[in-house]
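Single-letter residue listing:
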Amino acid sequence: MAKIKFQLNGKPVSLETDLNRRLLDVLREDFSLTGVKEGCGEGECGACAVLLDHEIVNSCSVPIANVMNKDIVTIEGYSTTSRYQVLREAFEEEGAVQCGFCTPGMMIASESLLHKNPNPTDEEIKIGLSGNLCRCTGYNMIIKAIKRAMKDGDGKW
Amino acid sequence: MVNGYLPTTLKEALELLNEHNLRIVAGGTDMLVQHHNLKTLPIDFKQDVLYIANIPELQGITEDDEYIRIGACEPLESILEHPATPKLLKDTIIEMASPAIRHSGTLGGNIGNASPAGDSLVPLYLMNAALEIQSIEGTRTVDIKEFITGVRKIALKPNELITKIILDKVEFTKAIFKKVGPRRSDAISKLSFAGAITIQDNKITDLRFAFGSVNITVVRHPEIECNYITKTVEELKQSVDDIVGAYQNFIRPIDDQRSNKAYRKQVSLNLLRDFIVTL
Chain R
0 MAKIKFQLNG
10 KPVSLETDLN
20 RRLLDVLRED
30 FSLTGVKEGC
40 GEGECGACAV
50 LLDHEIVNSC
60 SVPIANVMNK
70 DIVTIEGYST
80 TSRYQVLREA
90 FEEEGAVQCG
100 FCTPGMMIAS
110 ESLLHKNPNP
120 TDEEIKIGLS
130 GNLCRCTGYN
140 MIIKAIKRAM
150 KDGDGKW
Chain W
0 MVNGYLPTTL
10 KEALELLNEH
20 NLRIVAGGTD
30 MLVQHHNLKT
40 LPIDFKQDVL
50 YIANIPELQG
60 ITEDDEYIRI
70 GACEPLESIL
80 EHPATPKLLK
90 DTIIEMASPA
100 IRHSGTLGGN
110 IGNASPAGDS
120 LVPLYLMNAA
130 LEIQSIEGTR
140 TVDIKEFITG
150 VRKIALKPNE
160 LITKIILDKV
170 EFTKAIFKKV
180 GPRRSDAISK
190 LSFAGAITIQ
200 DNKITDLRFA
210 FGSVNITVVR
220 HPEIECNYIT
230 KTVEELKQSV
240 DDIVGAYQNF
250 IRPIDDQRSN
260 KAYRKQVSLN
270 LLRDFIVTL
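Those protein sequences? They're chains R and W, same order as listed.
So that you can map any letter, position 47 of the first sequence is 46 in numbering that gives the first Met the number 0, and since no number is skipped, the others follow by simple counting.
So that you can map any letter, position 53 of the second sequence is 52 in numbering that gives the first Met the number 0, and since no number is skipped, the others follow by simple counting.
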């Protein structure tokens, strides 16, 4: 057991825990942040994606020990931002949500991409989303949604 | 229950390694899959763990006139974005995993893992990478080909840590990395190939080939490469059958869930042939 401190959705948190736990389990079990989904559990599907220091990581593949003093944002924290509102409306307009299981990860991937590169090409969008699987296979609508968000949210990224 | 250690300095990490028998974890992207547990239970490590990802001395990239030194725990995505990173290594990293995994995964981790399918190992063998290894007793440097001794086997003493990856500053006329996998991202390679050539005054001055996922570790044979130094590109192309033939016996893949022997061998040799005939 050890004490782990980090920023979670803008607030400092600390917990006494086994260092050998996955960030995914700490977020879901200890903080009830169930927007973070477990899909494959092997880093291949992106359903568990969160932002670590504003970059996408798979929380199933990050030991909690590596999160010490880092800044974590989950879909719950991201949903309070104006950028999220732009993305949400774009996802709705383009029909980018089908069953919805991949959607939190897709939005985290979109934010990570646009934060680093506010004007990505189609190819760069595809690379940005390449670690996220949508089993409804609605990729084209998700790519369109990101392009719409780039336009509608001009200046936000 | 196994313990975890979270040192904040390299000195502290080396002292812990000297006192305990520890499993070293960097980004954890492969270790967490290898030691997967039932949902919500702690990661199923069999021995105490040393977490090194955020130790400051293991981060960063520096360069001088001769060498580029990459911190063992520098994330792959940061290496991809760094101006000092050789193009061949960038061309390889962009083919590795996904942005999410590249933000966590490290070059030192990919080397320490020593998977026959480790993508970064192919350009690192080709570029004659050296590794800086530290323990409380001191620092040593070892060539990557001496360091990786087999499938997931490395020449690292229990109290040692990989601290840096050291690359020569070498520029090739042409250098390529090709990976064959079932998906653009997050795919473990069926096979991979890297080729590099330097041509001056129409003569070949440097020629290197490396193959991944087709033997217990990366296949590289400088004794074949050196036969074509001082030759012209036309002479090299005329020798393509001999070169492909020379590698036949060294490409010894296995059948597994990702691919099979015949496919891996044929495609590896096709990539070698294609590199030469399209020069």
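Please keep in mind that the hints were generated in silico from the structure rather than gathered at the bench.
Quantities reported herein were computed from a predicted structural model and do not represent experimental measurements.
Treat the hints with caution; some may be incorrect.
As the list claims (entries may be wrong) - Cut-off 30 Å, straight-line C-alpha distance, at most; resulting in silico cross-link-like pairs (DSS-like, lysine-lysine): (1) R:K125 <-> W:K45; (2) R:K69 <-> W:K89; (3) W:K173 <-> R:K2; (4) W:K168 <-> R:K4; (5) W:K10 <-> R:K115; (6) R:K10 <-> R:K69; (7) W:K45 <-> R:K115; (8) W:K236 <-> R:K69; (9) R:K4 <-> R:K125; (10) W:K168 <-> R:K69; (11) W:K10 <-> R:K125; (12) W:K173 <-> R:K125.
Said to hold, decoys possible - Pairwise CB distance ranges (calculated): (13) R:T80 <-> W:T204: 51 to 59 Å; (14) R:T79 <-> W:T204: 30 to 38 Å; (15) W:G59 <-> R:E88: 39 to 47 Å; (16) R:T79 <-> W:Q265: 52 to 60 Å; (17) W:E14 <-> R:L14: 45 to 53 Å; (18) R:E88 <-> W:K38: 29 to 37 Å.
Quick reminder that beta carbons are idealized off the backbone N, C-alpha and C, glycines included.
Here's how the hints hold up against the structure:
For a cut-off of 30 Å, the pair hint linking K125 (chain R) to K45 (chain W) is broken: about 38 Å separates their Cα positions. For the proposed pair K69 (chain R) and K89 (chain W), the alpha carbon gap of about 26 Å is at most 30 Å, so the pair holds. This hinted pair does not check out: K173 (chain W) and K2 (chain R) have alpha carbons roughly 51 Å apart, beyond 30 Å. Between K168 (chain W) and K4 (chain R) the CA atoms are separated by roughly 40 Å; this puts the pair beyond 30 Å, and the hint is violated.
Straight-line distance between C-alpha atoms of K10 (chain W) and K115 (chain R) comes to about 34 Å, which puts the hinted pair past the 30 Å bound. For the hint pairing K10 (chain R) with K69 (chain R), the CA-to-CA distance comes to about 11 Å; that is within 30 Å, so the pair holds. At most 30 Å may separate the alpha-carbon atoms for a hinted pair to count; K45 (chain W) and K115 (chain R) exceed this at roughly 38 Å. Note on K236 (chain W) and K69 (chain R): the hinted pairing is violated, with a Cα-Cα distance of about 53 Å set against a maximum of 30 Å.
Taking the CA atoms of K4 (chain R) and K125 (chain R), the gap is about 34 Å. The hint is violated against a cut of 30 Å. Between K168 (chain W) and K69 (chain R) the CA atoms are separated by roughly 34 Å; this puts the pair beyond 30 Å, and the hint is violated. At most 30 Å may separate the alpha-carbon atoms for a hinted pair to count; K10 (chain W) and K125 (chain R) exceed this at roughly 42 Å. Note on K173 (chain W) and K125 (chain R): the hinted pairing holds, with a Cα-Cα distance of about 27 Å set against a maximum of 30 Å.
The hinted range of 51 to 59 Å is satisfied by T80 (chain R) and T204 (chain W), whose Cβ atoms lie roughly 55 Å apart. Distance hint check: the CB atoms of T79 (chain R) and T204 (chain W) are about 59 Å apart, inconsistent with the given range 30 to 38 Å. Judged by the Cβ atoms, the range 39 to 47 Å given for G59 (chain W) and E88 (chain R) holds: they are separated by roughly 40 Å. Between T79 (chain R) and Q265 (chain W) the C-beta distance comes to about 54 Å, which sits within the given range of 52 to 60 Å.
One distance hint, 45 to 53 Å for the beta-carbon pair E14 (chain W) and L14 (chain R), is violated here, with the actual separation near 26 Å. At roughly 34 Å, the beta carbons of E88 (chain R) and K38 (chain W) sit within the given window of 29 to 37 Å.
Consistency note: the structure conflicts with the earlier hints numbered 1, 3, 4, 5, 7, 8, 9, 10, 11, 14, 17.
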